[in-house]
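Given the coordinates of chain A, work out where chain B should sit on it, guided by the hints.
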Amino acid sequence: MKINFLSKSEEFSAEKLSAVLTEHEVVTNFDNVGNEDILIVDISLLENLQDHFDYFKKLAKNLVFVSTSNDFNIKFAFEILSKSSPPYHIVGLNTPECLEKVSELVGCIVNRSTLSLQEMLGETLKGVEVQIQDSSKISETIKGALGQLEFENCFSQIKDTLSQLINELLYNALFNAPTDEKGDQQFLEQDRKDHVSLDQNKAATLQIYNTEDKILTSVVDHYGSITKEVIDSHISRNEVSDKAGGAGIGLSLIYNNSHELIFVVEPGVQTEVISVINKYKRYKQNMKHVRSFHFFIKE
Amino acid sequence: MPSVKQKSLEIDINPVDGGNEFCLRGEINEDLIIDELVGFKSDLVKVNFEEVSMINSCGVREWIKLMEALANQGCKVQYFNCPQIVVQQVNMVTGFVPNQGEVVTFYAPYFCEDCDNEEKVLLTSSELKGRTAPELKCGSCGSESEIDAMEDVYLNFIPE
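The listed protein sequences correspond, in order, to chains A and B.
Taking this note's numbering, the leading residue of the first sequence gets 1, the next gets one more, and so forth.
Taking this note's numbering, the leading residue of the second sequence gets 300, the next gets one more, and so forth.
Read the hints as simulated data drawn from the structure, not as lab findings.
Heads up, a few of these hints could be off.
[Claimed, not checked] Below, computed lysine to aspartate or glutamate pairings styled on DMTMM-like, alpha-carbon distance capped at 25 Å:
hint : chain 1 : residue 1 : chain 2 : residue 2
1    : A       : 137       : A       : 104
2    : A       : 159       : B       : 459
3    : A       : 284       : B       : 412
4    : A       : 202       : A       : 229
5    : B       : 306       : A       : 140
6    : B       : 375       : A       : 160
7    : A       : 75        : B       : 412
8    : A       : 61        : A       : 104
[Claimed, not checked] Looking from chain B toward chain A, a few residues come up when the C-beta cut is under 10 Å (computed):
hint : residue
9    : 330
10   : 349
11   : 352
12   : 359
13   : 360
14   : 364
15   : 375
16   : 377
17   : 382
18   : 391
19   : 403
20   : 404
21   : 408
22   : 417
23   : 422
24   : 449
[Said to hold, decoys possible] Pairwise CB distance ranges (calculated):
hint : chain 1 : residue 1 : chain 2 : residue 2 : range
25   : B       : 342       : A       : 116       : 38 to 46 Å
26   : A       : 15        : B       : 349       : 50 to 58 Å
27   : B       : 338       : A       : 124       : 46 to 54 Å
28   : A       : 153       : B       : 452       : 16 to 24 Å
29   : A       : 201       : B       : 349       : 42 to 50 Å
From the three backbone atoms N, C-alpha and C, an ideal C-beta is built for every residue, glycine too.
Looking at chain A on its own, in the form it has when it is part of the complex (with noise of 0.2 Å):
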């Protein structure tokens, strides 16, 4: 398979490529970009090469965005993500493993496979992992579960941080994946202030996993609803909606909040959201990290 990339960061330069994707030819030109090659483009290219991207789109199937800083335009970048297929990704580059993460993600791409937490657990620490079927219990079950993890050498507020996180995940997951017989969402526009209770077999999974360098958050649905279009749409949303139902803001909160926001859905079966939060011992170094985001379609 042909890997055509594009950046001017040395820190990811095509040499610094070729020495980790060692089974891959790395090309630096789009002549002869074939559709089922991959597409590498640094994001802060992307406004130049707007007027070429339609083309560039129609050939390269797989496509992965890189970017040194999260002072990108994510509303273009997904404007363009919306237009291809999944799986697609953004990987952020500041971080030592930026070349493993795109080796990592080729091989999904490669083998048809996705990310996985499994896979990213590693050594871990300690986890908890608790089934939810109630919106009214979710406060609660936060409470729970962060109150049973100690979280060293991660800047004090990081508690806060997660609880916002799992809170939006989990009404996503309760109140916006579930669908009836016919695939139509049952409680989209519900008011949040009533509460939903689904069946025990429905009920959503919340697991966090604490590792010596991470933090690992998951929330699986059992409806694999959402859809690429939504995502789109809410990823960076920064005004609540006046429609019935949730704000509107709760995708943009998770993402804002996380460093690697994963998407692994099998449609009509279920939905993961992997949220991964680098530890630093220093808040600013949080802020600094640049975000990651992997939308995947299991088949």
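Just chain B, lined up with the frame of chain A:
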């Protein structure tokens, strides 16, 4: 001193010069009932966020509705003692601070490299020079302590 007790949030209402102070305690979420607060009409509402423990997206929406209702009454709003979780919403969400409102004081994380001490320091918006946080003395060892946040992001709500 009237107090409004809602499911997730308690609000103590104190009369102050020119208006009322709302002291919040608990979570700002979908259970916020704004009608119980809009009735306390005044020219000015000072909101004390010191004891807000969590705010979610539905709470943000209800809060914005409350601000809009107060604005319709011609009420000016001032925010005090905003913890980090509130500062995040101030910076992220359009309308969280209404047009007729301002953030007067807020907490910023500070870190001392010499002794690893973390502190939450209360800053006054009007005393900042643009979006530059002051260097302060560490409360533990007295060395220079700096804001532990990206200033252009954390202080984005401060007018330049």
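For each hint, the structure was consulted:
1. A:137 <-> A:104: 37 Å, violated
2. A:159 <-> B:459: Violated, because 32 Å separates the two Cα atoms, which is more than 25 Å.
3. A:284 <-> B:412: Given pair residue 284 of chain A, residue 412 of chain B holds - Cα atoms ~13 Å apart, limit 25 Å.
4. A:202 <-> A:229: 24 Å, holds
5. B:306 <-> A:140: 13 Å, holds
6. B:375 <-> A:160: 29 Å, violated
7. A:75 <-> B:412: 37 Å, violated
8. A:61 <-> A:104: 18 Å, holds
9. 330: Holds. Min distance 6 Å.
10. 349: Interface hint status for residue 349 of chain B: violated (14 Å vs cutoff 10 Å).
11. 352: Since chain A brings a Cβ to about 8 Å from residue 352 of chain B, closer than 10 Å, the hint holds.
12. 359: Where the cut-off is 10 Å and the nearest Cβ of chain A is about 6 Å from residue 359 of chain B, the hint holds.
13. 360: This interface hint holds because 4 Å falls under the 10 Å limit.
14. 364: 9 Å, holds
15. 375: This hint is violated: residue 375 of chain B lies away from chain A, its Cβ roughly 22 Å from the closest one there, beyond 10 Å.
16. 377: Interface hint status for residue 377 of chain B: violated (22 Å vs cutoff 10 Å).
17. 382: This hint holds: residue 382 of chain B lies near chain A, its Cβ roughly 8 Å from the closest one there, short of 10 Å.
18. 391: 6 Å, holds
19. 403: Violated - the Cβ of residue 403 of chain B stays beyond 10 Å from chain A, reaching only about 22 Å at its closest.
20. 404: 18 Å, violated
21. 408: At about 5 Å, which falls below the 10 Å cut-off, the nearest Cβ of chain A leaves the hint on residue 408 of chain B intact, so it holds.
22. 417: Since chain A brings a Cβ to about 5 Å from residue 417 of chain B, closer than 10 Å, the hint holds.
23. 422: 15 Å, violated
24. 449: 5 Å, holds
25. B:342 <-> A:116: 38 to 46 Å: 57 Å, violated
26. A:15 <-> B:349: 50 to 58 Å: With Cβ atoms ~53 Å apart, the hint holds.
27. B:338 <-> A:124: 46 to 54 Å: 51 Å, holds
28. A:153 <-> B:452: 16 to 24 Å: This hint holds: roughly 23 Å between Cβ atoms.
29. A:201 <-> B:349: 42 to 50 Å: 43 Å, holds
Violation of the numbered hints given earlier is confined to hints 1, 2, 6, 7, 10, 15, 16, 19, 20, 23 and 25; the remaining hints are satisfied by the structure.
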